[in-house]
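Colleague: Counted the way full-length UniProt numbering counts, the sequence shown spans residues 1 to 283.
Hints in this document: simulated from the structure, not taken from any laboratory. The beta carbon of each residue, even a glycine, is placed where N, CA and C say it ideally should be. A few of these clues could be false.
Said to hold, decoys possible - The calculated label-pair distances, taken between Cβ atoms and stated as ranges, are:
1) Asn-147 - Pro-80: 21 to 27 Å
2) Lys-47 - Glu-235: 20 to 26 Å
3) Lys-11 - Lys-47: 15 to 21 Å
4) Gln-144 - Leu-24: 26 to 32 Å
5) Glu-243 - Asn-147: 30 to 36 Å
6) Pro-160 - Asn-75: 47 to 53 Å
7) Thr-27 - Gly-172: 20 to 26 Å
8) Glu-185 - Pro-160: 35 to 41 Å
9) Lys-47 - Ile-253: 21 to 27 Å
10) Lys-92 - Thr-130: 28 to 34 Å
11) Asn-147 - Lys-191: 40 to 46 Å
12) Lys-191 - Asp-163: 18 to 24 Å
What the hints assert, rightly or not - Cross-link-like lysine to aspartate or glutamate pairs, in silico, DMTMM-like; alpha carbons within 25 Å at most:
13) Lys-141 - Glu-68
14) Lys-282 - Glu-150
15) Lys-236 - Asp-199
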Amino acid sequence: MIGAIEAGGTKFVCAVGNPDGTILDRTAFPTTTPEETLARVEEFFSKYSIEKMGVGAFGPINLRADSENYGAIENTPKVPWRYYPLLEELEKRFNIPVAINTDVIASSMGEYEYGIGKDASSCLYITVGTGIGAGLVQDGKPFQGRNHSEMGHVILKKHPEDDFEGACPSHGSCLEGLAAGPAIEARYGRKGAELANEDHVWEIEAYYLAQAILDYFVILSPEKIILGGGVMKQEKLYPMIREKFMELLNGYIEVENVDELIVAPGLDDDQGVKGCIALAMKK
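Construct all of the structure, not just a fragment, from the sequences and the given hints.
Modeller: Structure below.
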């Protein structure tokens with residue numbers, strides 16, 4: 001059996017599964033201090049004999065394999081976790097191989113190996129929720145430069161009807177600052193779920209997401225672009241994003257079927273834990 005940990009900033013999801021992605025058991029609990037949280041992780045996995053483990057963690061996280069702090073959480077706003085050696089602690093507690101990457105790479109791996117991206121050679125997964133992040137898998141391997149990507153912080157052209165300055169403390173009007181869940185709430189004074197029938201809200205949201213997707217598409221040329229996360233529960237966004245994407249692309253690159261290029265996740269919110277299984281299998 002394979003251990004999987006979706007280590008989110010709000011909650012941890014722990015699961016055991018088979019290499020084919022079948023989930024056999026799982027639990028979830030709030031993310032508190034590292035000591036309390038990992039104690040609950042140990043308690044769950046103590047019932048099972050697992051051979052290896054995959055972890056998709058909130059960030060920023062050090063993924064430079066040649067660094068002495070490889071696998072440590074870095075300068076996160078969650079102060080108790082700041083510079084916490086997550087990989088080192090898990091290897092110490094379980095004494096098995098542990099693979100670690102970002103939570104969005106785990107979701108990308110899950111969809112690539114077991115979900116809607118399994119017939120593609122390259123898969124870009126974008127999560128649009130409390131924050132915005134993206135991860136690319138190419139031929140079964142996560143793309144990584146010196147460290148993990150921060151695609152949620154690309155700078156965008158403002159919508160002509162949007163006077164919101166942006167909510168990102170570092171960049172203001174980057175993608176995350178304009179289109180993540182907290183940006184929607186800050187702009188309108190209500191959460192996105194309360195604005196479901198306000199078409200102008202989603203027209204602006206689709207404009208920003210389509211603009212970023214265009215940037216990713218012309219640079220990375222992925223076969224599948226998968227949009228997940230809490231904001232994308234507004235399913236009306238998918239056709240709006242596809243339409244605006246094609247308008248912005250303006251025929252420069254041929255796209256045979258945009259409905260098959262820009263898609264929803266195929267794993268019913270299991271892409272994270274299943275992706276952790278996939279990360280472990282690559283270890």
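Colleague: If you check the beta carbons of Lys-191 and Asp-163, does the distance land in 18 to 24 Å?
Modeller: Between Lys-191 and Asp-163, where Cβ atoms are some 20 Å apart, the hint holds.
Colleague: Is 28 to 34 Å right for how far apart the beta carbons of Lys-92 and Thr-130 are?
Modeller: holds (30 Å)
Colleague: Holds or violated: 47 to 53 Å for the Cβ distance of Pro-160 and Asn-75?
Modeller: violated (35 Å)
Colleague: Holds or violated: 15 to 21 Å for the Cβ distance of Lys-11 and Lys-47?
Modeller: About 20 Å separates the Cβ atoms of Lys-11 and Lys-47, which means 15 to 21 Å holds.
Colleague: Between Gln-144 and Leu-24, does the C-beta distance stay in 26 to 32 Å?
Modeller: holds (30 Å)
Colleague: Please verify whether Lys-236 and Asp-199 have alpha carbons no more than 25 Å apart.
Modeller: holds (9 Å)
Colleague: Checking one constraint from the list: CA of Lys-282 to CA of Glu-150, max 25 Å. Satisfied?
Modeller: holds (23 Å)
Colleague: Honestly, do Asn-147 and Pro-80 meet the 21 to 27 Å range at C-beta?
Modeller: This hint holds: roughly 22 Å between Cβ atoms.
Colleague: Is 20 to 26 Å right for how far apart the beta carbons of Thr-27 and Gly-172 are?
Modeller: violated (39 Å)
Colleague: If you draw a straight line from the CA of Lys-141 to the CA of Glu-68, is it 25 Å or shorter?
Modeller: Since the Cα atoms of Lys-141 and Glu-68 sit roughly 23 Å apart, the hinted pair holds (cutoff 25 Å).
Colleague: Is it true that the C-beta distance of Glu-243 to Asn-147 lies inside 30 to 36 Å, as the hint says?
Modeller: Because 35 Å falls inside the window, the suggested range holds.
Colleague: Just tell me: holds or violated, for the beta carbon distance of Glu-185 and Pro-160 against 35 to 41 Å?
Modeller: violated (22 Å)
Checked against the numbered hints above, the structure violates hints 2, 6, 7, 8, 9 and 11; every other hint is satisfied.
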